[in-house]
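Whenever a hint applies, use it, and build me the whole structure from the sequences.
Quick note on numbering: the sequence shown equals residues 1 to 1137 in full-length UniProt numbering.
To be clear, the hints were calculated from the coordinates, so they are not data collected in a lab.
Check each hint, because a few of them may be wrong.
[Claimed, not checked] Taking CB as the label site, the calculated pair distances span:
hint: 1; residue 1: 468; residue 2: 281; range: 46 to 54 Å
hint: 2; residue 1: 412; residue 2: 490; range: 32 to 40 Å
hint: 3; residue 1: 678; residue 2: 1093; range: 29 to 37 Å
hint: 4; residue 1: 746; residue 2: 989; range: 38 to 46 Å
hint: 5; residue 1: 913; residue 2: 798; range: 40 to 48 Å
hint: 6; residue 1: 678; residue 2: 523; range: 54 to 62 Å
hint: 7; residue 1: 608; residue 2: 367; range: 32 to 40 Å
hint: 8; residue 1: 518; residue 2: 717; range: 54 to 62 Å
hint: 9; residue 1: 1112; residue 2: 885; range: 38 to 46 Å
hint: 10; residue 1: 1112; residue 2: 757; range: 44 to 52 Å
hint: 11; residue 1: 523; residue 2: 611; range: 34 to 42 Å
hint: 12; residue 1: 829; residue 2: 685; range: 36 to 44 Å
hint: 13; residue 1: 236; residue 2: 608; range: 49 to 57 Å
[What the hints assert, rightly or not] Taking lysine-lysine and the DSS-like style, the derived pairs with C-alpha atoms no more than 30 Å apart in a straight line are:
hint: 14; residue 1: 417; residue 2: 381
hint: 15; residue 1: 847; residue 2: 914
hint: 16; residue 1: 406; residue 2: 349
Each residue gets a CB set at the ideal place from its N, CA and C atoms; glycine is no exception.
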Amino acid sequence: MAPRSSSDHAITVRSASTSVPPPFLSSPRLSSSSASYKQTQRYRCPRNSNPKTAHSPRHEPLPRRGIVFSEDPISPLTSHPLLTPPRLLPHQRQNPNPQPASPLLPPPIPLEKLLEHRRERSRFAAPNTPDSPARESYICRDSAYDDIVHRYMRLGNHNAGESLQLELIKKGYGGDLFLSNNLINLYAKGGNLECAHQVFARMPERNTVSWTCLITGYAQYGFTNEACRLFKSMISCGYEPTQFTFGSALRACQDSGVGNLGLGSQIHGLIMKSQYAFDTVVCNALISMYGSCCLGSADRAQLVFETMPFKNSITWNSIISVHSKRGDSFTTFELFSEMQRGNLGVVLKPTEYTFGSLITVTYTSSSNSYLLDQVFARVSKSGFLRDLYVSSALVSAFARFGMLEKAKKIFLSMDEKNAVSMNGLMVGLVKQGLGEEAVEVFRKLRELVHVNSDTYVVLLSALAEFSELEEGRRKGREAHGLMLRTCLVDSKIAVSNGLVNMYAKCGAIDVASTVFNLMDVRDQISWNTMISGLDQNGQLEEALMNYCLMKKIGIRPSNFALISSLSSSAGLGNLLAGMQVHCDTIKLGLDFDLSVSNALIQVYGECGNLSECWQIFNLMPEHDQISWNSMIGALASSQASLAEPVEILLDMMRSGSSPNRVTFVNLLAALSPLSVVELGKQIHALVVKNGISNDTAVENALITCYAKSGDMDSCEELFVKMSDRRDNVSWNSMVAGYIHNGLLQKAMDFVWFMMNSGQKMDCFTFATVLSACASVAALERGMEIHAFGIKSSLESDVVVDSALVDMYSKCGRIDYASRVFSFMNIRNEFSWNSMISGYARHGLGEKAVEIFREMQNSDLKPDHVTFVGVLSACSHAGLVETGLDYFELMKHNNLVPKIEHYSCVVDLLGRAGKLDKMEDFIKRMPIKPNNFIWRTVLVTCRRSKGGMNTKLGKQASDMLLQLEPLNAVNYVLISNLHASTGKWDDVAKARRAMKGAAIRKEAGCSWVTLSDGIHVFVAGDRSHTDTEEIYAKLQFLNQKMRDAGYVPQVEFALYDLEVENKEELLSYHSEKLAVAFVLTRSSSKVPIRIMKNLRFCGDCHMAFRYISDIVGRQIILRDSNRFHHFESGKCSCGDYW
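Next comes the structure, spelled out in structure tokens:
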């Protein structure tokens, strides 16, 4: 090897290999005799420079800042997180959208040809002279490779970088800074980010260009998180970003949405400290980032815009686009006017992108149609009507406004029609709910226009808008098959998302789940669509499970996913799940998003947490119509005082927001339970004033409100007026109104009129009528309705079957109820609850517990109503320990016991005579005892013979009169307790208090239903036509009972009379008159069924045991609490009642 000259500071570097050069380097001038080429390569360094630190002349050297190669934080020798490039899917390792070779470009030239050409040309280059500036050379590389890399980039031959990289490594040029940067750039532009990252990781030294090329590549191909992570590492390593670095990093933040808004703000801070604070390109990127990350950041974008010293066309288009996306039409058009007034003497003309933003903002509000006409006129005047982008936007906008003829006219007048313009027309039709017409457009133009994947996405959204879901589902399957044949399903993730959305909206949620599960890649929209579809199809638990899974795999929930999850939580009444999603909204910074806040009000309202509703509502920066309606709906669900929803309505009107149909439906729902007729009429007047009087939903709500207030005349008047707008809800509301007001016969007549009018009864109509039959124990009528249900093919409907179980159990035919229940193929919560409550009502506690255990083994979980039924069953059957165990079980099922459950436990302990435990349980209750609990305590005290003498009895009496001073039941109960202990002065005092307060006791009555109608009796009643026969039969029965050993229990005669008089009073109680009447009419062995509106008398209970044995017939009596089955001298309650 020749000695190194000290004058020119030549550097001698060993060749990467001492073997014969590759064939493509062989040439006449590079023969084997050229030892200098074979063994060594000599390069000159700039004069007065250190050979050991020579750098590329095209990039100023950056100080290493004390970083040694082996200690480089991104060196292959370390385990820095950037060492390993992100795992790319197979279809992402190469350019996902490879561009075909252009016929206008020459074919790629082989690498050896390029090298040979480069060296031939260098032979004729003028040599350096002492007088000429020395040409700087690059360490360890041949300048021929520069031209090769640049030529590959010019030709778009990005995939040829691997062979070039291998050759550079062989020749020892792999560590060259300039060539490595060019290789990273070449790989990044071609989408081969894995190779780009490998080159980056192997570089012994990097500069700003190295980082910028890699960050730009990741940002360009959608790997926004990687781009942002690289930018953070670049800053931590001490490198100074350029305007191109800032631009790429801001683009990554922009594409990743609100999740990287914080990083975007930090980058903004770095920019303000750098020399690029007022750089037009960087400021434009900032505006776009703020506008795309979050619509709430539009003010920051506006601030950047206002501080820019020079604004170009891109600047104006960017800020106009930001306000257009925000839906601020006023600011958008104001900026458009300002743009044309000029900037520093430069008048900027609007471009197609300007008009695109103006057109987009017009259809954010239905009142902006006049703005669209003005934009259309300006577009026509400016000559942009023939621009494909602008005309497509106009077609879509006019179609969205329902101006279909104008949209079609523009579409037909277009010189060039492509998929974009056709998509615009179809999108507009879909927005108008004209899915069928959009599909027809696709069918007609499919052969004329080359459709793309976006067209199929719009087509799927059109199919999802079909009025006939079955037809939409059928055509959707056809479209799905077509896309499978043309391999379009996997071409774009939006197509798969469209399929999931289409199937979900058409009711085929199982197919939607299958498509979702088969997707190789799922983005945020995929998860949003699936969660929303599950929520809309009633699969609420699955929706919440998918939401949790989405978070688990690292997908950031958007506001759409949050809203759907909150809706599912509200539907389930799951307060805990709603609170967890609420925490997520706060973590994501979306708790002040208008739609999310509205959903939060809904979930807390459904779960009865009004305080949280008020807090969210008061913290909202703004309220829209949905916010006000959600708050009124929450108050209606919680049955709050009437003043609050009315006050909300007044505040809503004061704020300038007009009430709509939802407002009035929610308000009337809040009003209905309160039975305030006059206020209902005022709301009705307000409905008429707002022009919503012909809305069917509002009219139905008005019918319900009037019916609950007892004004059936107004209901009938409304029903007659809406003759051409009646739906099933209208008919059902009328039936329910008659039943609510005790007009069962009118309700039944209305049902016959409904069927004769050709109106088909639905499951809810049947359920309503069956509920009415159950309330008055009209067994025969209920069986007639059952027969109609079978004729209408509704006998297998879960709603009808559940209502049948409830009706039969309340009418005393627990055997029929059990039979219907056993034949049910599908059971819901109401089915199980009705059966459990039915057995509890009939005193069959063990049967109720057995059904409860079956429910636990099914897919359904017990709810609050289920536990009320099973606790009541344990109470009536004396299953104390079992009942207490089930009360504790509620906590394991994430159910918080309500006052009804505490009341059942108090009754359970009281019936068992455990007064000390009952008193201790009441003291430990986390909620204040209500009237039901204190009433149970009084009854328990009477059973214990302590009556009012006990401290607990006196406390119960005082609390009842304090809680319900106008309830006659409390005074009667207190009076009866005094009478049972012989305190007649206290009895008289209680009755005087009732009279002084003008409180009237409900008269006790019993009734039986025979073939000729319903027969009602009161105590000592002599108004019946068969009075003589009834009293004669009673005398006969009394004599037979006395002969059998019956002794009247005079302690139940609550008057201070002689014993004979008390016995006479007891003889003519209403239930005894009813059983005597049935015995005079029928001598068959058919069970006697008697209903009573008050609690069964203790003496009558004893008498019925004797009567059932004397006449040899079963007697079934239902009082206000339960059923008693008397047969052969015994009662089903076992005297435990």
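We went through each hint and held it up to the structure:
no. : hint                      : verdict
1   : 468 with 281: 46 to 54 Å  : holds (53 Å)
2   : 412 with 490: 32 to 40 Å  : holds (34 Å)
3   : 678 with 1093: 29 to 37 Å : holds (30 Å)
4   : 746 with 989: 38 to 46 Å  : holds (43 Å)
5   : 913 with 798: 40 to 48 Å  : holds (41 Å)
6   : 678 with 523: 54 to 62 Å  : holds (56 Å)
7   : 608 with 367: 32 to 40 Å  : holds (38 Å)
8   : 518 with 717: 54 to 62 Å  : holds (57 Å)
9   : 1112 with 885: 38 to 46 Å : holds (41 Å)
10  : 1112 with 757: 44 to 52 Å : holds (48 Å)
11  : 523 with 611: 34 to 42 Å  : holds (38 Å)
12  : 829 with 685: 36 to 44 Å  : holds (40 Å)
13  : 236 with 608: 49 to 57 Å  : holds (51 Å)
14  : 417 with 381              : holds (21 Å)
15  : 847 with 914              : holds (24 Å)
16  : 406 with 349              : holds (27 Å)
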